[in-house]
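Chains as they are written, first to last, in numbering that gives the first Met the number 0: chain A, 0 to 277; chain B, 0 to 132.
Treat the hints as calculated values from the structure; they're not laboratory data.
Note that the Cβ used here is the ideal one computed from N, Cα and C, for glycine as well.
Heads up, some of the hints might be wrong.
[What the hints assert, rightly or not] Selected chain A positions facing chain B (Cβ under 7 Å, derived; list incomplete):
hint : residue
1    : S205
2    : T207
3    : D209
4    : E210
5    : L234
6    : S247
7    : D249
8    : I254
9    : G256
10   : G258
[Unchecked claim] Here are the simulated lysine-lysine pairs, DSS-like style, with alpha carbons at most 27 Å apart:
hint : chain 1 : residue 1 : chain 2 : residue 2
11   : A       : K212      : B       : K49
12   : B       : K49       : A       : K215
13   : A       : K90       : A       : K105
14   : A       : K143      : A       : K182
15   : A       : K36       : A       : K212
16   : A       : K12       : A       : K36
17   : B       : K52       : A       : K215
18   : A       : K263      : A       : K12
19   : A       : K182      : A       : K159
20   : B       : K113      : A       : K212
21   : B       : K34       : B       : K120
22   : A       : K67       : A       : K57
[Unchecked claim] Interface residues of chain B toward chain A, partial, derived using beta-carbon atoms under 8 Å:
hint : residue
23   : S76
24   : A78
25   : V94
The chain contents come next:
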Amino acid sequence: MPILQQASTDDRKRLLELFPVTNLRHDFQAKGTRATKEEICFAAAGDNSAQQIAKVAKFVDDHLCCCKQHVYVFSQDGAIALPNDVADGEKVLDGGRHALYLSRAKYSVVLRDPLEETTLEFLWPIRIEIHGQYLVLRCVVLEKNVTSYFDERPAYVAGKTLTEKTILAGIGMNQADLNKGIKKLWADGFLESSRSNFKKPFSLSSETMDEAKGIKEHYPEVYAIMQESPLYTTLFQVAEKNSVAEFSADPSHGIIGFGSYSEKGDTDGIIEKIISNN
Amino acid sequence: MELLKKLFQIISKVVPAPALSEREALELARLNPEKFYVENVRSILGVSHKSAKRICETAVRQGVFERRIEVICPDGSVAASAESEAGLPQTVRCVHQEEQHFEMEEVPTAELEKTVFYRLKHDADSIPYGQTA
Chain A
0 MPILQQASTD
10 DRKRLLELFP
20 VTNLRHDFQA
30 KGTRATKEEI
40 CFAAAGDNSA
50 QQIAKVAKFV
60 DDHLCCCKQH
70 VYVFSQDGAI
80 ALPNDVADGE
90 KVLDGGRHAL
100 YLSRAKYSVV
110 LRDPLEETTL
120 EFLWPIRIEI
130 HGQYLVLRCV
140 VLEKNVTSYF
150 DERPAYVAGK
160 TLTEKTILAG
170 IGMNQADLNK
180 GIKKLWADGF
190 LESSRSNFKK
200 PFSLSSETMD
210 EAKGIKEHYP
220 EVYAIMQESP
230 LYTTLFQVAE
240 KNSVAEFSAD
250 PSHGIIGFGS
260 YSEKGDTDGI
270 IEKIISNN
Chain B
0 MELLKKLFQI
10 ISKVVPAPAL
20 SEREALELAR
30 LNPEKFYVEN
40 VRSILGVSHK
50 SAKRICETAV
60 RQGVFERRIE
70 VICPDGSVAA
80 SAESEAGLPQ
90 TVRCVHQEEQ
100 HFEMEEVPTA
110 ELEKTVFYRL
120 KHDADSIPYG
130 QTA
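Using the sequences plus the hints, can you model the full thing?
Take a look at the structure:
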């Protein structure tokens, strides 16, 4: 895994900072001590021994499911194989039915006070999994507010060398239609929705409920129409106790988005439920 | 029925003529008792916005309506409501769409637009929603 070995301490630190502090403490902090997230990441990133690099790679692979992430589901008839690499990146771990990749993404950043241009590099973790006839690609959402990387100095991202679109273009498969699986979970009461864009025969319709009230509960007639319509970007609430309280999905394009950190296994469980009911 | 009578009295004081027609009375009874705006009342009665607002505020003073306030996110959705502005949370969660994802952000309530709405007072002698007078 040369990309991780050859990366700078700052690159590895920024990679680890994408993860929840609870998970970092569990794997990298000595028992009985209480360091900050930055201290833990700096210490873990500073050691580039082969053993530590392997530990970092395994940590990223094991805990990627807990990060803020965008998930893209593809489907294909016939055999599916894991790609050897992704755009601007390389395979770091291969688990047979899944693999971890790291891509190098460079941000052009404009700083103020005083005006200055600089760059910020990220090792971008991407995990690709095979679930039967589906291929699931999970991109960790990189930090949008970059001021924290510049001591809270006002900073704006002016451009990126790599986007999710570029990564997806390299997959070369069809985006899966997840309407069936998601609607089944909604009908069963596992999910409720407070906001949705959906396609009626002659219009694109949108429903946004006040104070996150549920569409199915409060507008059953709208819900009935939606159950027969292609759903586009929709916000779902998880009705059962789950660290993922809500998530975004565009079922017609095979897209799911988890906008906050979650406990291990919860995003995996939701993805699996959607796919197995699809 | 007492509630409707009280409401008609308020309306006739604010807008003395023409009298409330049967159709208007039926329409008023169809207001969603949990939430309605000045515009809902205005359109049913066919009066000016100013008159409809006076009717609503008189109804509040007489204990028929409850006045509430809601905070509106930049996309127009309602994030929270309370009996007064002081009762609203300091921040609310607003949603914006970025490409094919909804993203959340906490926004200070003070920076957002507020709207007044009304509802029938729960302890008033109310008419069930959808039932005509």
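Quiz prompt | Interface hint outcome for S247(A) [beta carbon to chain B under 7 Å] | solution = This hint holds: S247(A) lies near chain B, its Cβ roughly 4 Å from the closest one there, short of 7 Å.
Quiz item: With a cut-off of 7 Å, does the beta carbon of T207(A) approach a beta carbon of chain B closely enough for the hint to hold?
Solution: With Cβ-Cβ at 4 Å, under 7 Å, it holds.
Exercise. For the pair we were handed, K143(A) and K182(A), check the Cα-Cα distance against 27 Å.
Key: Violated: K143(A) and K182(A) sit about 31 Å apart, past 27 Å.
Quiz item: Holds or violated: K49(B) with K215(A), Cα cutoff 27 Å?
Solution: violated (36 Å)
Exercise. Would you check the hint for K90(A) and K105(A), treating anything up to 27 Å between C-alpha atoms as holding?
Key: holds (19 Å)
Self-check item: Evaluation of the interface hint that places G258(A) against chain B, nearest CB under 7 Å
Solution: Holds. Min distance 6 Å.
Exercise. Report holds or violated for the interface hint on G256(A), using the least CB-CB distance to chain B and a cut-off of 7 Å.
Key: Since chain B brings a Cβ to about 4 Å from G256(A), closer than 7 Å, the hint holds.
Self-check item: Restraint status (C-alpha distance of K52(B) to K215(A) at most 27 Å)
Solution: violated (33 Å)
Exercise. Using Cβ atoms only, decide whether D209(A) comes closer than 7 Å to chain B, and label the hint accordingly.
Key: holds (4 Å)
Quiz item: Holds or violated: K212(A) with K49(B), Cα cutoff 27 Å?
Solution: violated (31 Å)
Self-check item: Given hint I254(A) near chain B, where the shortest CB pair must fall under 7 Å
Solution: Hint holds; I254(A) Cβ to chain B Cβ min 5 Å, cut 7 Å.
Quiz item: Is the Cα-Cα distance between K182(A) and K159(A) 27 Å or less?
Solution: This hinted pair is violated, its Cα atoms lying about 36 Å apart.
Figure legend: structure checked against the earlier numbered hints; hints not met, in rising order: 1, 11, 12, 14, 15, 17 and 19.
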